[in-house]
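Protein chains: 2
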Amino acid sequence: MSENVAIIGTGHSKFGTRKDVNVAELCWESIKPAFESAGVEPKDIDYFVVGTAGMWSSEAAVPALIAEYAGLEPKGSMRAEAACATGSAAIRVGYTTIKSELADLVLVLGVEKMQESPSSTVIELIGRFGSYFWEFENFGLTFPGYYAMYGTAYMIKYGATEEDFAKVAVKNHYYGAKNPYAQFQREITVETVLKSPYIAWPFKLYDCSPITDGSACVILASEEKVKELGVEEKVWILGQGTGTGTANLSKRKDFTSLPSVVHAAEIAYKIAGIDKDDPVKYLDGADVHDCFTAAEIIAYEDLNFCRRGEGMKLVREEQTYIGGRIPVNIDGGLKAKGHPIGATGVSQAIEAYKQLLQKAEPGRQADIVKGRWLAHNVGGTGHYAYVTVYGLEKR
Amino acid sequence: MSENVAIIGTGHSKFGTRKDVNVAELCWESIKPAFESAGVEPKDIDYFVVGTAGMWSSEAAVPALIAEYAGLEPKGSMRAEAACATGSAAIRVGYTTIKSELADLVLVLGVEKMQESPSSTVIELIGRFGSYFWEFENFGLTFPGYYAMYGTAYMIKYGATEEDFAKVAVKNHYYGAKNPYAQFQREITVETVLKSPYIAWPFKLYDCSPITDGSACVILASEEKVKELGVEEKVWILGQGTGTGTANLSKRKDFTSLPSVVHAAEIAYKIAGIDKDDPVKYLDGADVHDCFTAAEIIAYEDLNFCRRGEGMKLVREEQTYIGGRIPVNIDGGLKAKGHPIGATGVSQAIEAYKQLLQKAEPGRQADIVKGRWLAHNVGGTGHYAYVTVYGLEKR
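Going down the list, the protein sequences come from chains A and B.
Under this note's numbering, the residue at position 200 of the first sequence is numbered 200, and the numbers go up by one with no gaps.
Residues are numbered in this note's numbering as their position in the second sequence, beginning at 1, plus a constant of 1000.
Note that these hints are calculated values from the structure, not bench results.
Source: prediction; values computed, not measured.
All C-beta atoms in this analysis are idealised placements derived from N, C-alpha and C, irrespective of residue type, glycine included.
Treat the hints with care, since some could be wrong.
[Said to hold, decoys possible] Every beta carbon over 10 Å from chain A, so not counted as near; a handful from chain B, in silico:
(1) K1032
(2) V1040
(3) S1077
(4) F1139
(5) E1162
(6) E1163
(7) R1186
(8) S1196
(9) I1199
(10) D1254
(11) D1275
(12) R1307
(13) E1317
(14) Q1319
(15) G1324
(16) K1354
[Stated by the list, open to error] Taking lysine-lysine pairs in the DSSO-like style, the calculated list, with each CA pair at most 30 Å apart, reads:
(17) B/K1276 with A/K19
(18) A/K32 with B/K1253
(19) A/K359 with A/K234
(20) B/K1043 with A/K270
(21) A/K251 with B/K1253
(22) B/K1313 with B/K1276
(23) B/K1276 with A/K43
(24) A/K43 with B/K1270
(25) B/K1227 with B/K1251
(26) B/K1253 with A/K43
(27) B/K1032 with A/K251
(28) A/K270 with B/K1227
(29) A/K394 with A/K32
(30) A/K394 with A/K43
(31) A/K43 with B/K1251
(32) A/K313 with A/K253
(33) B/K1043 with A/K253
(34) A/K370 with A/K354
(35) B/K1359 with B/K1370
(36) B/K1313 with B/K1370
(37) A/K281 with A/K234
(38) B/K1178 with B/K1251
(39) B/K1032 with B/K1227
(40) B/K1370 with B/K1276
Model the full assembly from the supplied sequences, consistent with the hints where possible.
Spelled out as structure tokens, the structure:
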């Protein structure tokens, strides 16, 4: 049986518009606290991996940049990328490197400095995470448009309303206001969302996650290293499932579900020992990929937190607030915490660590009873799916 | 003990100017023969990884593209990148995925379609694989210039000449002429090199590897899967070491060696059970990263194929031709075979597979006695180093 893998240290930069720092400095803002909380030094690291889409930044070799800046040279490294699921792909590289017994300590960094390019360039570049040739170049779609097709299909099939979608944003802003690392730290109302300008019907400005700069870092350790260091505060990676979707949305059969997520969740639940017919029974909460409000509702259903068509009911009944059926995105989610693409999956891992160890800020700590947290990270419009389960007890 | 991992199938596109195909078609040109030679189908694959730098191509989501084109959907995937060592980073993801027992069959694809952008754009984009902010933006260096500093330092320290460097190109063209997949299939002379125009002194046009389109694919399997399928023709991954260099060349102490390579080689030799003081005793041959002719000579020394300063003697005495001390780049190397960045490391793995199984084309088959082949793949100017040892017998 291969090695168990634990998160033993974490660091999180402030998410937002970070024109005050360059890429290396932004990375260091999360690397430094990760080392401090893990109680290890750069020389102890066996391998490191950087998750970054990075298309909008001039620096193409972030691993080399931090090798020099953070003292990790000459240790080995690579960059992992899976569009908006890039952070989770980086965690996978760290996870498999340790699990395969090639390393005992791996640093996983997610970073994005998206505001180095103008917004129009960023939106064009993100739009390429699908089939550039057919759908972007020929039809001119960008991501709000791609996901709006899913939102619209969901409205038609189940009778969801723009107000239902708005309530997702209200919840995520409610918790983002309590998260000091979040890009938007203020509450909003349903009216704020409904009155904001349309981006791609049915989505308005407040239905969309923002363009964000930020970094997040975790230090992963083998079970042997956890024992050797005598680490008390740790969270185990219990399992991860992954999936890939068709490049062209025209090849998708249904627009109310992402098959890559369903596939990824099935694998993750199996490896983590979770009953896929009732995962909520095993989970204290989850972070899901709310790049657009409707995506959060579809995630509830793809992850089987509820039956098909009932995601909007969870929202209407506020069942994904703390105290409800399952708290979701109580760090603010992509919507309010922000979405620095490469950092998002790593930030989700940090939220799992904080929640499970009951270290979340006042007003946003879930009840920890079952000892497991789920992270759902999607790249493109379901082009990539990563579902990871974290837990207090190793398998 | 974690799983052993073998290459059980390979596919290689024609390298060169490939304006006749789009990215998906170029990928398929290597994926199809890989499946055929492995005797498996897309549905059998558990996970796949694409190595591509891809900055010059419009398609940002190559894994999703081939998921659809090659029938791999909904299996999980990611993109791996480490500048010009990208192909080896992709192999690492496949290797660790199987070794960690998360998959039994992984497809690893390396691809680049560099000629989609004008050469000047490609050269600018490659130039960013270092420290963009200081060295590219402020000093205006691109890669021939970066490596020319190493070539010059080597000439000064050891008395190497432009003719010594030229002989590396002559050897690699000699073998490239015998490799049907190579970009340049014609022999050249020392005069050809010396008379070609200067790019960055001491390098002339024929000292530089070209801009190339191409793809290469391997299918990796666990030991259990090898047994289950009854695979006869296979080559094992015996070990891999990795290293990272400083982003800024101004932080390097010496310009006649790449410390990231020395670090990576030490780890690879240790894992593969090779005596680092005499690796040639264990190897039937090697592919090294001859992005520029001088880089091949420095590689001999960093890999300890000879003592410091003696790399140029190996060249003068033709010791890296078949029949010499150790045959190197007898597939043509980056210089003559071509260097489609993401495909190069995978192409090196395929060369190891072909040589060890004695399937190389007439006139370029090494004597296989020791049963091991080495691949040395460098990203940037030693910003990344990947050294992989392949063997006929598992460890």
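Going through the hints against the structure:
1. Non-interface call for B/K1032 relative to chain A: holds, since the shortest CB-CB distance, roughly 18 Å, exceeds 10 Å.
2. Residue placement check: B/V1040 keeps its beta carbon more than 10 Å from all beta carbons of chain A (closest about 18 Å).
3. Distance check for B/S1077 against chain A: the nearest CB is about 4 Å away, which does not clear 10 Å, and the non-interface claim fails.
4. The beta carbon of B/F1139 sits about 14 Å from the closest Cβ of chain A, which is more than 10 Å, so the claim that it is off the interface holds.
5. Remark: the non-interface label on B/E1162 is consistent with the geometry, its nearest Cβ contact in chain A lying 30 Å away (cut-off 10 Å).
6. Annotated as non-interface, B/E1163 keeps its C-beta farther than 10 Å from every C-beta of chain A; the closest such distance is 33 Å.
7. Every CB of chain A is more than 10 Å from the CB of B/R1186 (nearest about 33 Å), matching its label as outside the interface.
8. Every Cβ of chain A is farther than 10 Å from the Cβ of B/S1196; the closest lies at roughly 29 Å, confirming the non-interface assignment.
9. The claim that B/I1199 lies off the interface holds: its Cβ sits roughly 21 Å from the closest Cβ of chain A, which is beyond the 10 Å cut-off.
10. Its beta-carbon lying about 13 Å from the closest one in chain A, B/D1254 satisfies the requirement of being farther than 10 Å from that chain.
11. Chain A leaves B/D1275 outside its interface by the beta-carbon criterion, the shortest separation being 21 Å against a cut-off of 10 Å.
12. With 10 Å as the threshold on Cβ separation, the claim that B/R1307 sits away from chain A holds: the shortest Cβ distance comes to roughly 21 Å.
13. Its beta-carbon lying about 31 Å from the closest one in chain A, B/E1317 satisfies the requirement of being farther than 10 Å from that chain.
14. Its beta-carbon lying about 28 Å from the closest one in chain A, B/Q1319 satisfies the requirement of being farther than 10 Å from that chain.
15. With a cut of 10 Å on Cβ distances, B/G1324 stays outside the contact zone with chain A, its closest approach being about 30 Å.
16. Once the 10 Å rule is applied to beta carbons, B/K1354 is consistent with being away from chain A; the minimum gap is 26 Å.
17. Between B/K1276 and A/K19 the CA atoms are separated by roughly 47 Å; this puts the pair beyond 30 Å, and the hint is violated.
18. For the hint linking A/K32 to B/K1253, the alpha-carbon distance of about 26 Å falls within 30 Å, and the restraint holds.
19. With a C-alpha separation of about 12 Å, the suggested pair A/K359 and A/K234 falls inside the 30 Å cut-off, and the hint holds.
20. The hinted pair formed by B/K1043 and A/K270 meets the criterion: a straight-line CA distance of about 19 Å does not exceed 30 Å.
21. Simply put, A/K251 and B/K1253 have alpha-carbon atoms about 54 Å apart, too far for the 30 Å limit, and the pair is violated.
22. Taking the CA atoms of B/K1313 and B/K1276, the gap is about 20 Å. The hint holds against a cut of 30 Å.
23. For a cut-off of 30 Å, the pair hint linking B/K1276 to A/K43 stands: about 23 Å separates their Cα positions.
24. Between A/K43 and B/K1270 the alpha-carbon distance is near 19 Å, which keeps this suggested pair within the 30 Å criterion.
25. With a C-alpha separation of about 49 Å, the suggested pair B/K1227 and B/K1251 falls outside the 30 Å cut-off, and the hint is violated.
26. Restraint check for B/K1253 and A/K43: satisfied, since their Cα atoms lie roughly 19 Å apart, inside the 30 Å limit.
27. With a CA separation close to 22 Å, the supplied pair B/K1032 and A/K251 stays within the 30 Å bound.
28. Simply put, A/K270 and B/K1227 have alpha-carbon atoms about 25 Å apart, close enough for the 30 Å limit, and the pair holds.
29. Taking the CA atoms of A/K394 and A/K32, the gap is near 27 Å; set against the 30 Å cutoff, the hint holds.
30. The straight-line distance between the Cα atoms of A/K394 and A/K43 is roughly 27 Å, inside the 30 Å bound, and the hint therefore holds.
31. For a cut-off of 30 Å, the pair hint linking A/K43 to B/K1251 stands: about 18 Å separates their Cα positions.
32. Our distance criterion of 30 Å between C-alpha atoms is met by A/K313 and A/K253, whose separation comes to about 24 Å.
33. For the suggested pair B/K1043 and A/K253, the alpha carbons sit about 19 Å apart, so the restraint of at most 30 Å is met.
34. Taking the CA atoms of A/K370 and A/K354, the gap is near 15 Å; set against the 30 Å cutoff, the hint holds.
35. Distance restraint check for B/K1359 and B/K1370: the Cα-Cα separation of roughly 16 Å lies within the 30 Å cut-off, and the hinted pair is therefore satisfied.
36. At roughly 24 Å between alpha-carbon atoms, B/K1313 and B/K1370 fall within 30 Å of each other, so this suggested pair holds.
37. Proximity of A/K281 to A/K234 is assessed by CA-CA distance (about 22 Å); at most 30 Å being required, the pair is judged to hold.
38. Between the alpha carbons of B/K1178 and B/K1251 the distance comes to roughly 41 Å, so the proposed pair goes past 30 Å and is violated.
39. At most 30 Å may separate the alpha-carbon atoms for a hinted pair to count; B/K1032 and B/K1227 meet this at roughly 23 Å.
40. For the hint linking B/K1370 to B/K1276, the alpha-carbon distance of about 16 Å falls within 30 Å, and the restraint holds.
Violated hints, listed in ascending order, are 3, 17, 21, 25 and 38; each of the other numbered hints is respected by the structure.
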